[in-house]
Every structure is written in structure tokens, then in C-alpha cells.
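Taken in sequence, the protein lines are chains A and B. When the letters of the first sequence are read in order and numbered with UniProt numbering, they come out as residues 1 to 378. When the letters of the second sequence are read in order and numbered with UniProt numbering, they come out as residues 1 to 378.
In short, the hints are calculated from the structure, not lab data. Any given hint could turn out to be false.
[As the list claims (entries may be wrong)] Listed below are the simulated EDC-like cross-link pairs for lysine to aspartate or glutamate, each with C-alpha atoms no more than 16 Å apart in a straight line:
no., chain 1, residue 1, chain 2, residue 2
1, B, K178, B, E193
2, B, K82, A, D297
3, A, K82, B, D297
Treat the numbers as computed from the prediction; the structure is a model and nothing was measured.
As a plain string of letters, each chain reads:
2 protein chains.
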Amino acid sequence: MAITYEHIKTCRQTGARLGKVHTPHGTFDTPAFMPVGTLATVKTMSPEELESMGAGMILSNTYHLWLRPGSDIVEEAGGLHKFMNWNGSILTDSGGFQVFSLSDLRKIKEEGVHFRNHISGEKLFLSPEKAMHIQNQLGADIMMAFDECPPYPAEHKYMKDSVERTSRWAERCLTAHKRPHDQGLFGIVQGGEYEDLRKQSARDLTSLDFPGYAIGGLSVGEPKDVMNRVLEYTTPLLPTDKPRYLMGVGSPDSLVDGALRGVDMFDCVLPTRIARNGTCMTSNGRLVVRNAKFARDFRPLDENCDCHTCRNYSRAYIRHLVKANETFGIRLTTYHNLYFLLNLMGQVREAIKEDRLGDFREEFFEQYGFNKPDAKNF
Amino acid sequence: MAITYEHIKTCRQTGARLGKVHTPHGTFDTPAFMPVGTLATVKTMSPEELESMGAGMILSNTYHLWLRPGSDIVEEAGGLHKFMNWNGSILTDSGGFQVFSLSDLRKIKEEGVHFRNHISGEKLFLSPEKAMHIQNQLGADIMMAFDECPPYPAEHKYMKDSVERTSRWAERCLTAHKRPHDQGLFGIVQGGEYEDLRKQSARDLTSLDFPGYAIGGLSVGEPKDVMNRVLEYTTPLLPTDKPRYLMGVGSPDSLVDGALRGVDMFDCVLPTRIARNGTCMTSNGRLVVRNAKFARDFRPLDENCDCHTCRNYSRAYIRHLVKANETFGIRLTTYHNLYFLLNLMGQVREAIKEDRLGDFREEFFEQYGFNKPDAKNF
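Make a model of the complete structure from these sequences and hints.
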């Protein structure tokens, strides 16, 4: 088995899981946050920087790499790890999400999806078999089954058809997957906010015995309490001896709330995307470093942070760089934001160890400002 | 004295100088190339990366820092070294070059220059006293006298007036300079392509006993043989116990040709600027990594280079990143180009040590392709 989950303990206060995921490229502690490297690079960061901040696994996007530079080129380079010089673990998504979020004129059929390239307009086709072939070429440690990520909200009838097709596609993925010895394929539980469909999806997929399971179709515009409710009834449907991955979630509050409901892995572009506008996550909440009030503020972004950025650079300097469109400024904010989330997951793991994740949640939400009536979304 | 020059030996084949420049922030070997960090950052690079590639001194621009973030903010931060977290040596130019190259509607008067901010259009005034005040606020190890950088070509009459005014301004700079104990002020020899005016300028400035001298007004559009001829008769006019700095020169051929004529220090934006378009300097000449022929080329940018980029990344990967506008791609090309020039200067120093800089020049020019009839400018 390419991927195994080692369960260490369950938080007595919340039921959250402390564990390890073992992959052909090393082991990482869970619950874990995975930085996103869409095009075989976590925007602005070097592999050494990712390693130094404690990233164990990163995510890269099948759809994007298929189009640029082409998965055949990545394969010829010796796979994604070698191509991008990252020796830690990598997860690739299936391309499904981008087909549904980026492409125009898509037509979903039983055999797969016809759509147009979001850059060139060229006609393309993606199917379970094709998504497996591309991901086998990329060679990530974890691959994802090709699924439909339905819109939110969607009618029950639409969602039921979609869930059933996704289950049939999952079976085809397992059959088409050529490297189960060194690439672990995860199934994706869909079903939107319908408990009966989540159950149906989880039952279908767990019967296929994937080495891990993702929860998809969340963080697509639904309110946070909907996401939490869905997680509450979905994670208990998943096997306890396999990792559980909540796709596309990376706001600090949702990471804690997801871990608390038994999720082991998360990914999101949020920390890197907001960093490029100079928006930072700090222990005292959101800090927009472009703001004029930081022009002469020589304190670090976060006075409670010991990351490379906060140990060496001031708000005034970073503000200057970001305002002048200097790349090094967004290197510094990107490093800090990723470190912040990786460090947050470390605190979450510590709290699980001490059976106090519920208390930690209250303290963290209070200090970050999530309990304020006008709290921003992250 | 803030800045001292230690002469080690003269190349018996060419007369080139091997030496060391001692500054309050360390010592670097000469001939040396200085990467340019216009806005208190060498574009895309971290201070650690600059250190790892062997940069001893970097340059930053007074004019740009005066406008953004403001030299008072840099002073409040504790000076440029602390503001940007660079503990090596720094040289700031005088702002003169930018006043003449970037600003509109400038009026040169005896007291100084009236002009407009190239960003906001705001009316500004820069004078020898003002340029010294700003550079004292920035706190670099080496400061430059405020000079006029005349256009090329310029009439003899215009140039003579300009040279004489620059000499009067140089005297005012010395008087206005408030930190001679920890900041060394260099005079700038002007005179364009007129030997009599270069002599007059050198005589005026050397009589003022600066701790170092720059040769200005070159690399402003004149042919390379004009630059070399001017250097040939100008460097012998300068004291042998002070460093000599050729401003704005950074093409590989001109670095070798300058060192060969007795220059100790160089700076230029060329290596970092072309890197941002994916153009690289290699031991076999210019390489435009965006080129389609590199799509499946898994060799390093330069097979003879041992820099971090060349040890870890392929042309195919870098091409992919540069074409997708991924910052990490230009980090890799920038690192390589700077390393290439710093390493070239190391080879130049080695050749001086062995009294064979003339031979080295021939070998290097041949391999790089400078002897080809269609040779590109760098």
C-alpha cells in the first residue's frame, strides 16, 4: 500500500484525531495543512523554504499541469518530485474541480466531460481513465479520483445523479490506476448538504476500499455552519484506519473546526493568494500590511510569530515592498501565512495530545477575532 | 577612514588590479560586481541568497528610496542595512543619474536641480547638500557625490561646464557629508569622451582626497571601444591606493574589459533585468529559456555552472515557470545570472593572480561568443 494512516490518539474532549500519514516520500503528522503548488510551484516559494516552514505534503493541480507544461513533459522529467525539486510528499487533485470551475461549455456525459481549455479555448475531454493516466504520469504520492464537483446549491435530484455517476467513475479510476504500489488513490465523497446522499456516496466509495477518502463539494460558497454540519455526519461514515482529507479548506477557523470533526488533511490557496495582496494572518487576526498605518511600524507582522519573516523584517519594510510591487515582499508575506497555518496545525495537534482541542478552539477564536460580530471570513 | 583599499597585486600581463575593499560592514575582494537593489531589495532575491552566491556589496538607489518609502523612514528603521536585513556592505548612488534619466522638466542650476517626481509628477529639488543628507539618512557604507550625468553625445562646451559644476558640487558634498567616520564618500569623474575633460575632472576630484573614485558617464549609449578608450586614459589619472568604480556596467565582456583597465568595482541592473524575461548568461553565451526548444531540455541552464539553480533545476522546468509567469522561475534565473557574474569576477581575480587576465579574456570571449560577428550586446 503506497499510503498508510497511523492513528496515534483521539482527543477525549472533541474526538479529533492525531496521526501520521506515511507516503513513499516521507511521513507527516496529522491534522495537516498542505500548501498548494498549482503549476508545480507554491507561488513565490522555493522547496527549501517549504521544507524549512515544516510542510510535509504539498498539492499540485492535474488540470493545470496537463495544460502547462503538459503531463508528458513532467513524466519525461522523471515525475513531479524531480521536475520541481521537491522531495517531500505530493498530492495531485483529479482535475475535476477545475473542469467545473474554470472551463466553458462543459458537457458532462457518462464517459467523461467535454469542455474548453480555459487559456486557449481548445476543445478537451477528461474522463476517469484520462485523469488516472495524467496523474500516473505526474507520479504524486496521493492521487484523487475523478469526480464531479457539483455547484452549490444543487437540487436533490441533480445531486443524486451526480453522486451516483461519481461512484461509477471512482470504480473506473481504480481500474485505470496503473501505479497503486507507489501512488495512493483517494476516493471523494460528494453529496452536497444532503445527508442521505453523503451516506450513499460514502457507502459506495468505502466498499471500493481506497487507501484514503476526501470530502469534496464543501467550501464552495455554503455557510460555515452548513460545512460543519456536513462534516459532523460525514466523517463518522469513513473508516478510522484511513486518512480523511477535506478539500479546498484553509481559513484558520475552518481548519480548527475541521480537525475537531475528525479531518486529517486540508489544502487551500487562501494563505498564498491573500499574501500576494499583502494580507496576512496573525495571532491577533487579519493584518493588511499595505495599510498606511504601518508605514513607520517597525514591529514584525505578528509579534507572537517566530517565522523567518517575523524574525527579520518589519511591517514598514514589507509594506514598502508590497506597495512598490517588489516580489520579495510577497515572498515574505507568503512565507509568513503558510508558516502561520502550518504552525496552527502544530498547535491543533498539541491540543489533541492534551485532550483540549475544544478549549484551544475557544482561545484561538477569541484571540484571532472570529467571535467578533464583524469578523472577516478568514 | 570608513573605506580603505588594500592592493594585493597587479597582473603583469594587463595591469589589472587584485585587491580588497574594507568597509564598516565587511571586506570584499576586487575586482567585484555589485548586484543592484534599487528599492532596498535586489529584485526577487533574499539577503541569504545574495550572501550564498558570494555578493559582498550591493547597490541601492538614493533617488528611488527618497521617494519610496522615504529616506526618513529608512533612517527611523535604523538605516538601510537594518531596514532590508542585509549585513553586508551597501553603496548608494547620489540620485543624480535618475534625476537625469527618469525625471521630466528638469532645470539644472548652480544650487542644484529642479525636476518632477517620475511617479507622482510632484515638483522636487535635489542638490549636493540634499543628496548628502538623504544618503546620511540611508547610512550606506559608500555614498556617491551628487554629479551631473551628461547625455551622450554632448558638445565639448556643454561637457566642460558640466564637469566644472560637478567639481564644485563635489566640494559641497564633502562639506555637507555628516558621517565620514562610517560612510565613505566617492567622487565621480565625468568628462564624456573628451580626454582633456576627464583629466580636468580627475585633477579636480583627486585634489579633494575622496576615499574612492567612480568613473561616471559611461555605458550611456556609447560604443564599447569608446568606453574602453576612455577607461584607458582615465584609470591612470586616479590614485592607486583608492578603489575605482565604473558605474552602470555589467555586461560580461565589459566587466572583463574594465577590470583589465584597472577598474575595481562595477554595478548594473542587466543580470537581474534580463533574468525577469527569462534571458540567462551562460558560459556558452546567451540563453533565452522561454524558447520552445527548451520545453523538453532537462539539462541545467549552464552545464558548466555549479550555482543552486543549475544544481537543482532544468531548463524545461524554468521555461515552464517563466512562461506561466511564476515568480519562482525568475527567482531561479535571477539567482543564476547574478551568480554567473559574481563567479566571472572570481575567475577574473584568479587570472590576475596568475598574471594571465589577457589570456583569460581571449578564452572567455571565444567561449561566450563575443568574437562572433553577430554577437549580442551581452
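Quick rundown of the hints versus the structure:
Among the hinted pairs, K178/B with E193/B is inconsistent with the structure: their alpha-carbon atoms are about 33 Å apart, more than 16 Å. In summary, the hint linking K82/B to D297/A is supported, as the alpha carbons are separated by about 14 Å, within the 16 Å threshold. In summary, the hint linking K82/A to D297/B is supported, as the alpha carbons are separated by about 14 Å, within the 16 Å threshold.
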